[in-house]
Amino acid sequence: MLSLNNIEVVYDGVILVLRGVSVEVREGAITTILGANGAGKTTTLKAISGVLYSERGEITKGSIELAGQRLNGKRASDVTRLGIAQVFEGRRVFEHLTAEENLIAGGHIMPDIKSIRDGIDMVYTYFPRLRERRHQQSGYLSGGEQQMLAIGRALMSKPKVVLLDEPSLGLAPMLVEEIFAIVQRLVKQEKLTVLLVEQNATLALGIAEHGYVMENGRIVLEGDAEKLRSNSDIKEFYLGLNEVGARKSYRDVKHYRRRKRWLS
Amino acid sequence: MDFAFLLIGNGILIGLMYSLIALGFVLVYKATDAINFAQGEFVMLAALISGSVIVGAGLPFWVAVIVALAAMIAFSFALERVVLRPLLGRPIVAVIMATIGLAAILRGLGPFIFGSGTRSITLPVGDEPIEFGPFILQPVQLVGALVSLLFLGAFSWFFLKSRMGVAMRAVADNQQVASAMGINVERYFALAWAMAGIVAALGGIVWGSMLGVDVQVALVGLKVFPVVILGGLDSIPGAVVGGLIVGIVENLAAGYLDPVVGGGTKDFAPYVLMILALMFRPYGMFGKRKIERV
Ligand SMILES: Nc1ncnc2c1ncn2[C@@H]1O[C@H](COP(=O)(O)OP(=O)(O)OP(=O)(O)O)[C@@H](O)[C@H]1O
Ligand SMILES: [Mg+2]
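Chain order of the listed sequences is A and B.
Numbering follows numbering that gives the first Met the number 0, in which position 170 of the first sequence is assigned residue number 169; successive positions increment by one, without gaps.
Numbering follows numbering that gives the first Met the number 0, in which position 125 of the second sequence is assigned residue number 124; successive positions increment by one, without gaps.
To be clear, the hints were calculated from the coordinates, so they are not data collected in a lab.
Watch out, some of these pointers could steer you wrong.
Here are some, though not all, of the chain B residues that point toward chain A, as calculated from beta-carbon distances under 7 angstroms [stated by the list, open to error]:
| # | residue |
| --- | --- |
| 1 | 69 |
| 2 | 96 |
| 3 | 169 |
| 4 | 175 |
| 5 | 176 |
| 6 | 178 |
| 7 | 179 |
| 8 | 180 |
| 9 | 181 |
| 10 | 182 |
| 11 | 183 |
| 12 | 185 |
| 13 | 186 |
In silico lysine-lysine, DSSO-like type, Cα no more than 27 angstroms apart, as pairs [as the list claims (entries may be wrong)]:
| # | chain 1 | residue 1 | chain 2 | residue 2 |
| --- | --- | --- | --- | --- |
| 14 | B | 160 | A | 157 |
| 15 | B | 160 | A | 113 |
| 16 | A | 73 | A | 190 |
| 17 | A | 226 | A | 190 |
| 18 | A | 159 | A | 60 |
| 19 | A | 113 | A | 159 |
Label-pair restraints from in silico Cβ distances [said to hold, decoys possible]:
| # | chain 1 | residue 1 | chain 2 | residue 2 | range |
| --- | --- | --- | --- | --- | --- |
| 20 | A | 89 | B | 123 | 54 to 64 angstroms |
| 21 | A | 25 | B | 277 | 56 to 66 angstroms |
| 22 | A | 89 | B | 54 | 56 to 66 angstroms |
Given the structure is predicted, the values throughout are model-derived calculations rather than measurements.
From the three backbone atoms N, C-alpha and C, an ideal C-beta is built for every residue, glycine too.
Turn these sequences into a full structure, and let the hints guide you.
Printed below as a string of structure tokens:
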């Protein structure tokens, strides 16, 4: 459905951040990109949505295609019209607007009031908590509610593909589970396609069908979620985080394993 | 007591007319974060245009209204496109300096293009003062105040209730995210400036009929700053309340203090209030606060 073919992204004309990334996002499923801080996950999503260009970023190589249509170089507001919605890292709700006004803004490209009304109703059925908070200024919502609002706002444009950037960031585990379950339901019931960026591998691989591991602007590993889940490198990589508290690089893990093998 | 009512009644009407000018400033600030130091000169330009249509060309009043509206919309569109858009993303000081420069240019070019004499334009209303309870109101001011109220109401409705108004507030909140919602940010910037142009056109006509049309009309722009600081830079209700306060305070100062100290308090009294407001309520009475959550 959405495919990235060997794309290279440069910021400010000199800073090379993505060095040949290829990702295939399958229709009606969740695809995930995992990776540590600074790997280039957010940059990948911004390259797709066109937000990149407002940050002096540029795609210097490769192509991005949505159902065969080339997205490279298209402005963010035009990419949205083609059916892609981005949920930003850190939620980025319109703080001074109420929850419902955020949704109205999210439905900006819809042709009439009725489709906006329907969209709002749909969002409230998936996120009932937003209905209770509809008239509250969104800057004062809780982190979890803001994340729900950010997702709901993205749904308002009736997108084919939703780009979800670290929805678990800073939220309590219970809440994250709740939100992930809703995303899963959205994919099933609304035939949504999702590209999910996460640092939390266990959770992401729990709901995704296919996954990629990114490091230093490159894809270093890819496979079916189930396979990745049982991949010992990934396990070690993310266990490393939990036990020592410091994140090891996937490469380091591999390196370490190799050395270990060589030593023994 | 009658004297106080007279001053207050007059202050309310003048205050609402200040609110109209301040509204132009607020609209631009709300949507684009730009601070327009040339709002007074916009009003002057509109007044000069109406003056040359009515007095210069001898055309009827309503033609002047249409010409002033069209010219000011075109002018602010062009200004946004040619001067301000290239400054997008630059420090806010760049825009401030650009509008200060623009103000000086307009004040210089105004008499050059439209002539330096004072022309008088009159609203098509009588000049018999109207008695209303204890108040005695001038028809010109009354019409000016009603026009102000009408447009303050219309723009409030636009921002609160219309989809475009919500989109414009979204742009003001976060341009990048707004563009990801499919909102064409540049188009909304242009729209905000065009609305400021409309307000300036109306302001130019009502203030021009009250003061006479010449470069001095630009001085009403000086009252914009106390009004918006008191009310909040981005708040339409704030512009109304700020305008009322400035109008009433300067009239009371003119009526009670001027005879004692020999005059001039009217012009600085609003600024005393403004500085007090900056000290105690930096976001004004209605301005939006930076939201900080922990
Ligand atoms: N606008 C920018 N200009 C210059 N460099 C940037 C810009 N945005 C990101 N970068 C750099 O690109 C690299 C990748 O950043 P990116 O935000 O894509 O990482 P990420 O994988 O999303 O990380 P995180 O998990 O911390 O969100 C980082 O080294 C970052 O410093
Ligand atoms: Mg990121």
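A quick look at each hint next to the structure:
Hint on residue 69 of chain B is violated. Least Cβ distance to chain A is approximately 29 angstroms, over the 7 angstroms limit. Nearest Cβ of chain A to the Cβ of residue 96 of chain B: about 23 angstroms, over the 7 angstroms cut. The hint is violated. Nearest Cβ of chain A to the Cβ of residue 169 of chain B: about 4 angstroms, under the 7 angstroms cut. The hint holds. With its C-beta approaching chain A no nearer than about 5 angstroms, residue 175 of chain B sits inside the 7 angstroms limit, and its interface hint holds.
For residue 176 of chain B, the interface hint holds, since its Cβ comes within 7 angstroms of a Cβ in chain A; the closest pair sits about 5 angstroms apart. Annotation: interface hint on residue 178 of chain B holds; nearest CB of chain A at approximately 4 angstroms, less than 7 angstroms. Among the interface hints, the one on residue 179 of chain B holds; its C-beta lies about 5 angstroms from the nearest C-beta in chain A, closer than the 7 angstroms criterion. Hint status for residue 180 of chain B: holds, given a least beta-carbon distance of 5 angstroms to chain A, under 7 angstroms.
With a cut of 7 angstroms, the hint placing residue 181 of chain B at the interface with chain A holds, because the nearest CB-to-CB distance is about 4 angstroms. The interface hint given for residue 182 of chain B is met, as the beta carbon of that residue sits about 5 angstroms from the closest beta carbon of chain A, less than 7 angstroms. Interface hint status for residue 183 of chain B: upheld, as the beta-carbon distance to the closest one in chain A is roughly 5 angstroms, under 7 angstroms. Taken as an interface hint, residue 185 of chain B does not check out: its beta carbon lies about 9 angstroms from the nearest beta carbon of chain A, beyond 7 angstroms.
For residue 186 of chain B, the shortest C-beta to C-beta distance to chain A is roughly 9 angstroms, which exceeds 7 angstroms, and the interface hint is violated. With a C-alpha separation of about 22 angstroms, the suggested pair residue 160 of chain B and residue 157 of chain A falls inside the 27 angstroms cut-off, and the hint holds. Distance hint between residue 160 of chain B and residue 113 of chain A is fulfilled; the C-alpha atoms sit about 15 angstroms from each other, no more than 27 angstroms. Simply put, residue 73 of chain A and residue 190 of chain A have alpha-carbon atoms about 25 angstroms apart, close enough for the 27 angstroms limit, and the pair holds.
For the hint linking residue 226 of chain A to residue 190 of chain A, the alpha-carbon distance of about 24 angstroms falls within 27 angstroms, and the restraint holds. In summary, the hint linking residue 159 of chain A to residue 60 of chain A is supported, as the alpha carbons are separated by about 25 angstroms, within the 27 angstroms threshold. Pair hint residue 113 of chain A plus residue 159 of chain A holds up; C-alpha atoms about 20 angstroms apart against a cutoff of 27 angstroms. Evaluation of the 54 to 64 angstroms hint for residue 89 of chain A and residue 123 of chain B yields a pass: the beta carbon distance comes to about 57 angstroms.
Between residue 25 of chain A and residue 277 of chain B the C-beta distance comes to about 57 angstroms, which sits within the given range of 56 to 66 angstroms. The given range of 56 to 66 angstroms is respected by residue 89 of chain A and residue 54 of chain B, whose C-beta atoms sit roughly 58 angstroms from each other.
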